[in-house]
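Colleague: The chain contents come next:
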Amino acid sequence: QKEVEQNSGPLSVPEGAIASLNCTYSDRVSQSFFWYRQYSGKSPELIMSIYSNGDKEDGRFTAQLNKASQYVSLLIRDSQPSDSATYLCAVNPLNTGANSKLTFGKGITLSVRP
Amino acid sequence: ETGVTQSPTHLIKTRGQQVTLRCSSQSGHNTVSWYQQALGQGPQFIFQYYREEENGRGNFPPRFSGLQFPNYSSELNVNALELDDSALYLCASSLDKDLGAFFGQGTRLTVV
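Top to bottom, those sequences are chains A and B.
For the first sequence, counting from 1, position 24 maps to 24 in the numbering used here; every step adds exactly one.
For the second sequence, counting from 1, position 94 maps to 1094 in the numbering used here; every step adds exactly one.
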């Protein structure tokens, strides 16, 4: 089983719709969860972090974490063409107290149609 | 702007050669991690340096090595390059794990 799994891509939504991106992870002791956005040919950009069960909202983005079910999701409201990118889910497996040693999913490509 | 700078941005090397990639982190970021991202894949953790000591390593052979310097810069060295080493190499730093890792713009390495 892959450590961090992102399935059901690529995703295409019309402008203004809600895009829902899902991620599951295998290590139950994971403590920190991140969503990165990566435009083609660029490096990943951190857009959301979440550490506790429930929802965390930041502008048009909402991250959702359910540790019991071992999934984390990202909702993008009012999707814009500029949101078209690959979204990477990343997990910090251990609460090491040091810098993140992130395990990434493969990513899911989102396309927002004007 | 993440404050993490990598050089060079692009590089072409021949199989069997050696390469050194460089990263400059923000002042005060005493931890740096290196990742390899193959086309169509997520970044894979290579290793991490904390206060100039290796602090964890992913599933990469010993021909991948690194150094971290007191001035918050670091290097990734790869010996005996193979075609499969062609990838985007990313350097990341942060002050604290809970802040997440902030990446530099990456170095695109092509091995021919």
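Some hints here could point you the wrong way.
Here are the simulated DSBU-like cross-link-like pairs (lysine-lysine), alpha carbons at most 35 Å apart as the crow flies [as the list claims (entries may be wrong)]:
#1 A:K106 <-> A:K42
#2 A:K67 <-> B:K1013
#3 A:K56 <-> A:K42
#4 A:K56 <-> B:K1013
#5 A:K67 <-> A:K42
#6 A:K67 <-> A:K56
What the hints contain is simulated information worked out from the structure, not anything from laboratory work.
All of these numbers come straight from a predicted model, not from anything done at the bench.
Colleague: State for each hint whether it applies.
Modeller: Okay, the hints, checked on the actual structure:
| no. | hint | verdict |
| --- | --- | --- |
| 1 | A:K106 <-> A:K42 | 16 Å, holds |
| 2 | A:K67 <-> B:K1013 | 44 Å, violated |
| 3 | A:K56 <-> A:K42 | 26 Å, holds |
| 4 | A:K56 <-> B:K1013 | 44 Å, violated |
| 5 | A:K67 <-> A:K42 | 31 Å, holds |
| 6 | A:K67 <-> A:K56 | 14 Å, holds |
Checked against the numbered hints given earlier, the structure breaks hints 2 and 4 and satisfies all the rest.
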